[in-house]
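With the hints as constraints, model all of the structure from the sequences given.
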Amino acid sequence: MTGPRGAALTVSALLGVLLLAGCAKPDRTEIVTWTDEHGRACTGVAVVDSEDDDREMTAVDCDYPPEGRRPGRATSVPLPD
1 MTGPRGAALT VSALLGVLLL AGCAKPDRTE IVTWTDEHGR ACTGVAVVDS EDDDREMTAV
61 DCDYPPEGRR PGRATSVPLP D
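For the sequence shown, our numbering gives the first residue as 1, with consecutive numbering after it.
Calculated directly from the structure, the hints in this document are not laboratory data. Virtual Cβ for every residue (Gly too), placed ideally from N, Cα, C. Don't take each hint at face value.
Okay, the calculated beta carbon distance ranges per label pair [to be verified]:
1) P26 x P66: 37 to 43 Å
2) G39 x A59: 18 to 24 Å
3) K25 x E67: 40 to 46 Å
4) E67 x D36: 30 to 36 Å
5) P26 x D63: 17 to 23 Å
6) R28 x R69: 28 to 34 Å
7) D49 x R73: 22 to 28 Å
Following this line, the structure appears as structure tokens:
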């Protein structure tokens, strides 16, 4: 199809795709803390996939707690906006 009908059909299809793409849930990012098997307190950034809740850890930083202290409990908190 060419002409005005083809152009209208193409524009309608593009608008439909854009509307559907805008409805997808965005991935979310969380700060996660935990204690590893060596007793180190660790913090990382987890990117959580909105489609299947798969987590990808980035920016992992682990350090031993100060002398006489123990790491706190494991937590997961969304990053502030």
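A quick look at each hint next to the structure:
1. For P26 paired with P66, a C-beta distance near 38 Å keeps the hint of 37 to 43 Å intact.
2. With their beta carbons about 21 Å apart, G39 and A59 fall inside the hinted range of 18 to 24 Å.
3. Separation of K25 from E67 is about 45 Å and conforms to the stated range, judged on CB atoms against 40 to 46 Å.
4. At roughly 18 Å, the beta-carbon separation of E67 and D36 lies outside the given 30 to 36 Å, and the hint is violated.
5. The supplied range of 17 to 23 Å is broken by P26 and D63, whose beta-carbon atoms lie about 31 Å from each other.
6. Hint check: R28 to R69, Cβ distance near 31 Å, so the stated range 28 to 34 Å holds.
7. Taken as a hint, the range 22 to 28 Å holds for the pair D49 and R73, whose Cβ atoms sit roughly 25 Å apart.
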